Each structure stands twice: as structure tokens, then as C-alpha cells.
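Asks: Listed below, chain by chain, are the residues.
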Amino acid sequence: MTENVHTGSIPDERPPANTVGPIAWLRNNLFNSWYNALLTILIIYGLARAIPPLLDWLIFHANAIGTTPQECRANGGACWTFVSEKLRFILFGTFPYEQQWRPLVTIAIIIALVLISCDRRFWKPWLGLAWVAGIAAVAILMWGGVFGLSYVENTLWGGLPLTLMLSVIGLSVAFPASILLALGRRSQLPAIRVVSVTYIELIRGVPLISLLFMASVMFPLFLPTGVNIDKLLRAQIAFIMFAAAYMAEAIRGGLQAIPKGQYEAADALGLNYWQGMRKIILPQALAISIPPLVNTFISFFKDTSLVIIIGLYDLLGTAKAALSDPAWRGFYREAYLFIGVIYWVFCFSMSKYSQKLERDLRRGHRR
Amino acid sequence: MSMAEAVSTKRTFPAGGEVIRCQDVHKWYGEFHVLRNINLSVQKGERIVICGPSGSGKSTLIRCLNRLEEHQKGNIIVDGIELTGNLKNIELVRREVGMVFQHFNLFPHLTVLENCTLAPIWVRKKPKAEAEELAMKYLKRVRIAEQAHKYPGQLSGGQQQRVAIARSLCMNPKVMLFDEPTSALDPEMVKEVLDVMIGLAEDGMTMLCVTHEMGFAKSVADRVIFMDRGEIVEQNTPNEFFNSPQSDRTKLFLSQILNH
Ligand SMILES: Nc1ncnc2c1ncn2[C@@H]1O[C@H](COP(=O)(O)OP(=O)(O)O)[C@@H](O)[C@H]1O
Ligand SMILES: [Mg+2]
Chain W
40 MTENVHTGSI PDERPPANTV GPIAWLRNNL FNSWYNALLT ILIIYGLARA IPPLLDWLIF
100 HANAIGTTPQ ECRANGGACW TFVSEKLRFI LFGTFPYEQQ WRPLVTIAII IALVLISCDR
160 RFWKPWLGLA WVAGIAAVAI LMWGGVFGLS YVENTLWGGL PLTLMLSVIG LSVAFPASIL
220 LALGRRSQLP AIRVVSVTYI ELIRGVPLIS LLFMASVMFP LFLPTGVNID KLLRAQIAFI
280 MFAAAYMAEA IRGGLQAIPK GQYEAADALG LNYWQGMRKI ILPQALAISI PPLVNTFISF
340 FKDTSLVIII GLYDLLGTAK AALSDPAWRG FYREAYLFIG VIYWVFCFSM SKYSQKLERD
400 LRRGHRR
Chain L
29 MSMAEAVSTK RTFPAGGEVI RCQDVHKWYG EFHVLRNINL SVQKGERIVI CGPSGSGKST
89 LIRCLNRLEE HQKGNIIVDG IELTGNLKNI ELVRREVGMV FQHFNLFPHL TVLENCTLAP
149 IWVRKKPKAE AEELAMKYLK RVRIAEQAHK YPGQLSGGQQ QRVAIARSLC MNPKVMLFDE
209 PTSALDPEMV KEVLDVMIGL AEDGMTMLCV THEMGFAKSV ADRVIFMDRG EIVEQNTPNE
269 FFNSPQSDRT KLFLSQILNH
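As given, the protein sequences belong to chains W and L, one line each in that order. Residues in the first sequence are numbered consecutively from 40, following the working numbering. Residues in the second sequence are numbered consecutively from 29, following the working numbering.
In isolation and in its complexed conformation, chain L is listed as follows (with noise of 0.2 Å):
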């Protein structure tokens, strides 16, 4: 299970470099170690998706690569950017790595289009008519232009979520770094969401993505990591990873999802 091995031989578009690098990584939330040790190297174009139980720290690894949560030790690399208490350093990343939430975290006081064009006005500087255009771009993209001048609490959750996911593109991200993204959805949601996500790794695009949808793993993925209690325990392809899976936590942990 070297590195070599674990990048696919399923990718379409030629590896153009490392994007994301974490080394020895640890993190605490105060005496609760709750990252021990993690190592993990991204490529430009890699689709990576992440599993394991509740509480095992996805959501935190992820945050942690957009500083979201600071880490305590170790690297992390992100597009060639050191991730440390240097501001500046911070928002270079952010503007680089789109992210996508759980619970969506639309901004409900602006419209859908304002939510897209708020960033590229403000933090890329784009004039307001060359936001939007581009903001109708994706919002197309995802399927939900003639929604634009809705407010988010008037759409359903698989329609916020695709916004949020324009939202997110209409920055141009470098990497894309999904938490969970339809396990807040309603079952008859979840596809929409998913196909958009489908759509995107077709396109190239280099995804994180913390999900339980095995189904999108195994069609989509590059390459599964499994994590347990705050380590990367296991990392395949989906093939290899849902076929044989190499450690017991892993055969415990599919058994139980791939069983319920």
C-alpha cells in the first residue's frame, strides 16, 4: 500500500504536482488528541474520499487543510503555502480551496447570485459584471440559474447544497474539500448533489470529500482513507479497499456500513 500504488491508474488527466502535503501531522483539542500522525500527499487532479466512524477526526483533518482548526504539529502544505499562524499565508490558501459544508452555511440575508459573486467581488477583486456572469456560469452548472434571485431559505436542501458548491467554484479553487455533503439531505436529494460532485470530478477538478456514499467512492474515487480514532489507517483504491480491505477496522467498519 505504497503511494505509488495508491494513486489511480483510473485518472483521466495527467498529474500535474502535489496540491496538498501533510506531514506527521497532530492535533489536540486540549488533552484529547484527536489527529495522531498523518501523513498524506495529494496530487493536481487526484479524487480522494475519506471515511471511517463517527468522531475519528475526518471533518477536523479537513478543516485543518483550509485552517479552519489549527494543528499542533507537523506540516501542512497547501498549493505550495506553508499553513502557519501567518494571516496573509491563510487567506492565499482559502481563496485557493473551495469548501463545501454539511449543513450548507449559505449566507441567508443575500440572494443565491450575491452569495456566489460576494467573494470574487471582494477577496479576487472582480468587477460586479464579470462576478456575475461567471456566478451564472456555475449556477448553471449545477443546475439552478433561474433560481438566482431566490434567497436560500427558499430553496430545498439539495438545491442550497448545489449553490453552495457554485458558491464555491465561482472562486476557482485549485482543490475542492467536501464534509458530508448530503448526509444532511433528504433521500430523495442526495442524487442531485451527488451527480454535480460526479460532474466535477470528470472535469478534472481535485476533490477531498468525507462521505459515507460508498457507491460514489467506488465509481468516483482515485483513492478511499480510512481513518479510526484520529489516524489514516488504511489508503487504497476503491477497488483494492472494498475488495480486500487490509486491516480489521476496516472490515469491521464496511461490514457495518455495507450491512445497515
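One chain only, chain W, in its complex shape (with noise of 0.2 Å):
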């Protein structure tokens, strides 16, 4: 405030009061209009019909960890004995239940390469090989019948274990296959074009659901009888075939935004076509692409929960799974509110994460 460039004759004023502070801002942000000031109002209103019945349920009237279901029921409140009873169910479905540290550890490994894969500095040939390694890991603690495991059959896997599986397996082997779908499309090569275009609207045309319903009761027809492909890995392929068509669009967007003189610079200076796209191209239309693909990211995640209608027993499919269990019927909330937060706590740590990438790679950039 005391370093004041202004030097000439009129002295700095404060701006006038009525347009600063907290009765300012009230004004212009809440009720600057009849209809703003209506809707502000009626919207409080609702808040204060919603919010205390919500938080005497959640909080002043839940039951401690440790009620029976029948004092849950008798009380009202939120029953978290539910949760804790069937947590280790809801996380890691029924795999053998002394067995459980190994799908606790496939979690941690998927995180921790989820962790290190964010962070720029760590972009280097090596991660490739620690996702194969990682990945190797996952395979052996969650089949086992190796290194003094049991063998446990797939079938039993479930949970987030499987969730996390399927999405982040999913996600990145759609990823580099969305990246030659989106080039395949943008090729001067008409038969590449052709492919590439042909696939992406085929599968762009048909729901997932029904894309897993094919990958669950069509595809065994045209194996050839005695070939069974995994029910698991027949799921994986159709995530990972949809996801890659969804995400070559939203790179052929960040393509298509580069501008003719990019490609141009590239090739005068002898660069050939991958080097121009590794170099140049790609690096500058996957930054511009990060909106929509983390849009595709969440939404893919989430979507990893149709896998229920298959018979696959994911995050969401062992808590209704955990509700069946006749003496906790009917703790519907408490299990989809436990669920609920589990996915936000991803999805939301994905949306924050693409944030901070964005600002990093616009920092010093462009103008």
C-alpha cells in the first residue's frame, strides 16, 4: 500500500464502501436481481429443510460402531456398525478371507504406480517397466499358485481390487491404442483412415452395456468349442475397446487444434512422421486434450460398475452383495453412501490432479 507508483497530483482513494466487503459482494453475487434474490432465498430455504434431518441421521442420531442391526433399526440413525461388520466383503468380495492381505497389497501397488505415473519428473522409460513389473506383482498375489500362494480362481475376486483392475488395466492399454486410433483417423493413408474411423463410430454406436453383454454371450460363439476365454478378461477387453474409441476422440480434438505450421516446422527440419508426432505433435495436443480425457478417465471409472450385469462382483456389486445377507437387509444408505465416497475419492483426486498437470504444462508456454 505504501509503494505507491502513482505520482501525479490526485492522491489514491479507497474505492467507495458500498462496492467493497462482505455486504458488497452479498449484493452482487446473491441479489442483484429480483429473480437472483428469489432464487438465493429459495435455495436457502431448501438447504435448511434438507441439512438437519441429513446431519441428525449421519452424525447426532447414528449408532456407534458396534450396535446389533435390530438397535440400528430401532434407533433411526445411520447404523456404521453395517459398514465395519462387512468392510473387508465390500473391499475385497470373497476372496479366501485369511487370504485378504493379498488383494490389500494389489490396491497399494496400484495406487503407488497410479502416484508415481503423476508426477512429471518421473516420465522416463523406467515407469513402463515399472507398470509391466507392477503389474506382474498384481497377477501373482491375486492368482497366486506361485511362490507359496494358493491359487485362488478369478472368479472369487471382487471389490475394489477388481474395480482398480479393471479401470486402471483398462485405462492404460485404451490410452496408447486411442493415441493410433486418433492418428489412424487423421492418416493420408485412406485404408488406415478407414479402419480407424470405422471402429471408432461402431463402437461410439452401442451402448457398453450392451458391448459387455456381447463380450459376456456373443464372443464365446465364435470361439471354436473347448476355447474358453475368461469371463474377467472378455470384460477387460470390451472396457478397454470402448474406452480407447471415446479417448481417440478427444485426442483427434487436441489434433486438430494444432496448428499446419507445427507439422510443417516438423517435417522441413527432417523429422519423420513419429518423430514429428513424439516430438511435436502429441505432446501439444495431449495438453490440450486433458479436459476431455479425464472427462472420459472419470467417467470409465465409474462405468467399471456395469460389470455387475455380467456377474462380475466389483466395488458396487459386493456392497449390494454385502446388503443381501439377510440379517443387515435394508442398510441401503449407509452401504451406497460408504461406496459413494470411495468413488468420489477417486474421481475427485483425478479431476484435481488434471487441474495441476494443465497449469504445469500452460506455465511458460504460449502467450
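Only part of the chain L face toward chain W is listed, based on derived beta-carbon distances under 10 Å:
| # | residue |
| --- | --- |
| 1 | R91 |
| 2 | N94 |
| 3 | E119 |
| 4 | L120 |
| 5 | V121 |
| 6 | E124 |
| 7 | H131 |
| 8 | F135 |
| 9 | L138 |
| 10 | A147 |
| 11 | V151 |
| 12 | L205 |
Think about it this way: if two alpha-carbon atoms lie no more than 30 Å apart in a straight line, the pair counts; the simulated BS3-like pairs of lysine-lysine are:
| # | chain 1 | residue 1 | chain 2 | residue 2 |
| --- | --- | --- | --- | --- |
| 13 | W | K395 | W | K163 |
| 14 | L | K178 | W | K395 |
| 15 | W | K318 | L | K154 |
| 16 | W | K299 | L | K178 |
| 17 | W | K341 | W | K395 |
The hints are simulated quantities; they were obtained by calculation from the structure and are not laboratory data. Quantities reported herein were computed from a predicted structural model and do not represent experimental measurements. Backbone N, C-alpha and C fix where the C-beta goes; we use that ideal spot for every residue, glycine too.
Join the two chains, each given in its own frame, into one complex according to the hints.
Replies: This is the structure we're talking about:
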């Protein structure tokens, strides 16, 4: 305030009192016209009606952990015993109880891999190797049968590891595939272009559910009898195919935004097609595509819950199964709130991370 | 106006053979006949200025020389290699031919230094340290070394164009093509870019330059080529070209650009 560049004859003045401060803020933002004032009042009224009962159920009348279901039902508040009682089943599904450290370590490995991949300093070739090693470790942990681990059939897998494996493995395979599809769609070679466009438009024109049904019901028809591809693998392939088509379109948007001059400069320097794409075009195009890509990532993460319709028990599936225990029937709100929070934590982290990445990539670059 | 006359008397370096040869080159955009019967021979060390009205095909011609555009008839031979659909040959030609664009086309996601080292590292397979040393040498030469770690978006237009010139020089090209390198610049920045180009010319770089900077043409060019409606109408030494133009189209063009 004391450091003032202004050296003219008119001294600095504070802005008029009615344009600053909380009162002014309220007037400018909530009551700046009669219909906004009306909306504000309606919303405040609605919140006043909704929040107290919600808090009451969630906190004030909630049942402490350890209460029996009968007591919970009599009391009426949230029954967190349900969550603590069913926690391991919801998180790990029907994986053998005493072996559940294995899916726990799986979750830790996957989350650790994702976290280190988030840091741009680690975007080096060894990161790819880390992924391969990590996924191998996950496979060994989940299946077992080696190193003294008992064999666990993948029909017993479920809960959070299943959700994470479907989405993380799905996205990490679909992402490179989608780059190829997006480049293919803009290729000079008609055959490659036609194949890419046909693939993308076919997959985008079909709901994910029907793709999953096809993977589980129709796909075996095409295979010779005796050959049987695992149901989980089929679902994983369906997801990859689906995500790749959507992400390819997000990336195409980025590619189209790159000025022609960038391609020409890359060509004129003697870079070949792949060098130009890798060093010049894709880094810029992918940076532009971050918002739509993250959008796809998030919806894809949530869409893994659709595998329930082909009989796989992801997080949502195990929560539903937990509810079918006769002793604990009826605690829907607790179950769905719990997994809702888990989904939200993952999706919100993705969204926050993408904002940070966008900021980092934009820093310094353009005018 | 034979070839022999056209080759300059001003050259301080001996002619070292032919670098570019175009024979009866034609190009069409769809039905539109944009280049017609282009015959051109450029000797090593020659400095050529190409001028002509807007839309006459100047950019198209020099973009054909590194195959950013494809010609449909005739032959173009650059550094002894004929430009055809052969991708390997195209890449070989492009690494010997530098190009500077009207709108700079620097890579905005890379620093100035990275812009300059990219092609030497990936195309010439130079070690990173060597490429950086080379880049700093050329950045010094265009007098912008102190900005090496900035991003292009942080530089002025004139500075960006000088970086673009340094980026091309890092490939040690045998020929440099310039497509109106100063026409997107604010007037006060034109000189700093022209000075760099004059320096290059003095060092004996073979240059083809599309420009309307007639002062540059007079002082630097060995030969001025005038194009109109896709044809080379006239080519001559700057002295002859400006003082006694042969064709009416040239006279009209000169009267327009010198009087405005
Ligand atoms: N990609 C293109 N497709 C169709 N016509 C083009 C294309 N590029 C240039 N042209 C046309 O070709 C003619 C010559 O263009 P250009 O070589 O850019 O002229 P100059 O550089 O002399 O101003 C112009 O009439 C222009 O409209
Ligand atoms: Mg032009």
C-alpha cells in the first residue's frame, strides 16, 4: 500500500465503501436482481429443510460402531456397524478371508503406480518397466499358485481390487491404443483412415452395456468349442475397446487444434512422421486434450460398475451382495453412501490432478 | 537474360556446383494451375530473391523445393536427389534444406534451446551435449543466446524469427529457404532479422528468399526472380532488374511496390 507507483497530483483513494466488503459481495452475487434474490431465498429455504435431518441421521442420531442391527433399526439413525462389519467383504469380495492381505497389497501397488506416474519427473522409460513389473506382481498376488501362495480362481475376486484393475489396466492399455486410433483417423493413407473411423464410429454407436453383454454372451459363439476365454478378461477387453474409441475422439480434438505450421516445421527439419508426432504434435495435442480425456477417465472409472450385469463383483457388486445378508438387510443408505465416498475420492483426485497438470503444462509456454 | 548472365558477378565465393535444379515444373491445386513451366538452377553460394504479386505462387514454389508441397509434372533435384514420392529421399533432402517461415512456427512447448537441439539430436543423431553446444553457437550468432532457456511465447516476433533461423542453421543446411521472413513482424523488428540474413549471405550460405524487402534484394541478392501467375516472368541481377526491367508485368509490379 505504501509503495505507490502513482506520482500524479490526485492522491490514491479507497474505493467507495458500498463496492467492497461482505455486504457488497452479497448484493453483487446473491441479490443483484429480483430473480436472483428469489432464487437465493428459495435455495436457502431448501437447504434449511434438508440439512438438519441429514446431519441428524448421519451424525447426531447415528449408531456407534458395535451396535447390533436390531438396535440400529430401532434407533433409526445411520448404522455404521454395517460398514465396519461388512468392510472386508465390500472391499475384497469373496477372496478367501485369511488371504485378503493379497488384494490389499494389490490395491497398494496399483495406487502407488498411479501416484508415481502422476509426477512428470518420473515420465521416463523405466516407468513403463515399473508398470510391467507392477502388473506382474498384481497377477501373482491375485492368482497365486506360485511362491507358496494358494491359487485363487478369478471368479472369487471382487470389490475394490477388481474395480481398480479393470479401470487402471483398462485405461493404460486403451490410452496408447486411442492415440493410434486418433492418428489413424487423420492419416493420409485411406485404408488406415477407414479402419480407424469405422472402429470409432461402431463402438461409439453402441452402449457399453451391450458391448459387455456381447463380450460375455456372443463372443464365445465365435470361438471354437473347448476354447474358453475368461469372463473377466472378456469384460476387460470390452472396456478397453470402449474407452479407446472415446479417448481417440478426445485426442483428435487436440490434434485438430495444432496449427498446420507445427507439422510443416517438423517436416522441414527432416523429422520423420513418428518423430514429429512424438516430439512436436502429441505433446501439444495431449496437453490440449486433458480436460476431455479426464472426463473420459472419470466416466470410465465409474462405468466399471456395469460389470455387475455380467456377474462380476466390483465394488458396487460387493456392496449389493453385502446387503443381501438377511441379518443386515435394509441398510442401503449406509452401503451406497460408503461406496459413493470411495468413488468420489478417486474421481475427485483425478479431477484435481488434471487441473494441476494443465497448470504445469501451460506455465511459460504460450503467450 | 541467359543463365550465364543471371549468375552474379558479385559472389565472393566460387560457384561450387548446382544445388537445386527445377525442370519444367508444374503444379496444380485441383483444377488451379499454380506453377507453370518453372525452370530454375541454383548454384552453391548463390543468393536469390523471389518476388511477385500476392498469390503468384512464390510460397508454393519454395515449398516444392523441400516437398512441403508436391509437384505434378517436371523434375526437382535438390543436392543431387530427385524429389519423388520416396519418403527416404524426401527426409534426406529436408535435412539439407533449412526453412524459415513467415509465422516462425517455433515449437511453443519447448524452450528456445530445445527448439534448436531437437532435430540435430533426433535426425542427425548427435549427442545431447554436442547438439547444445552447436545450438548455443548459432543462438549467439543470431544474438539471442541469453534467451536460450525461455519459451518462444515469451519472446518478441523478431526474436522468435531469429530463433527460427538458428534452429534451421543447427542442421548445417546446404540451402536456406525463407518465405517472407519479415512480413509478419512489427516494423521496428524487421531490421534485426534482415541483419541476421545479411550476415548469413556474407558467410556464403546458399539462400532462396521470398521477400518484398527491396533494399535487401539490392544489397544482397545475386539474382532476383520475378513471378506472376505461377510463372517465372523475369530473372536478372538486382541492378538490371530494378533499373531496366524487361517485361511490362515487372514494370507494373515495381511501380506498385516502390511507390506505396
Ligand atoms: N493449399 C491450397 N489449396 C488451394 N489453393 C492454394 C493452396 N495454397 C495456395 N493456393 C493458391 O495458390 C496460389 C499461390 O499461392 P502462394 O504460393 O501462397 O502465393 P504467394 O506466396 O506468391 O502469395 C494462390 O492463388 C493461392 O490462393
Ligand atoms: Mg506466400
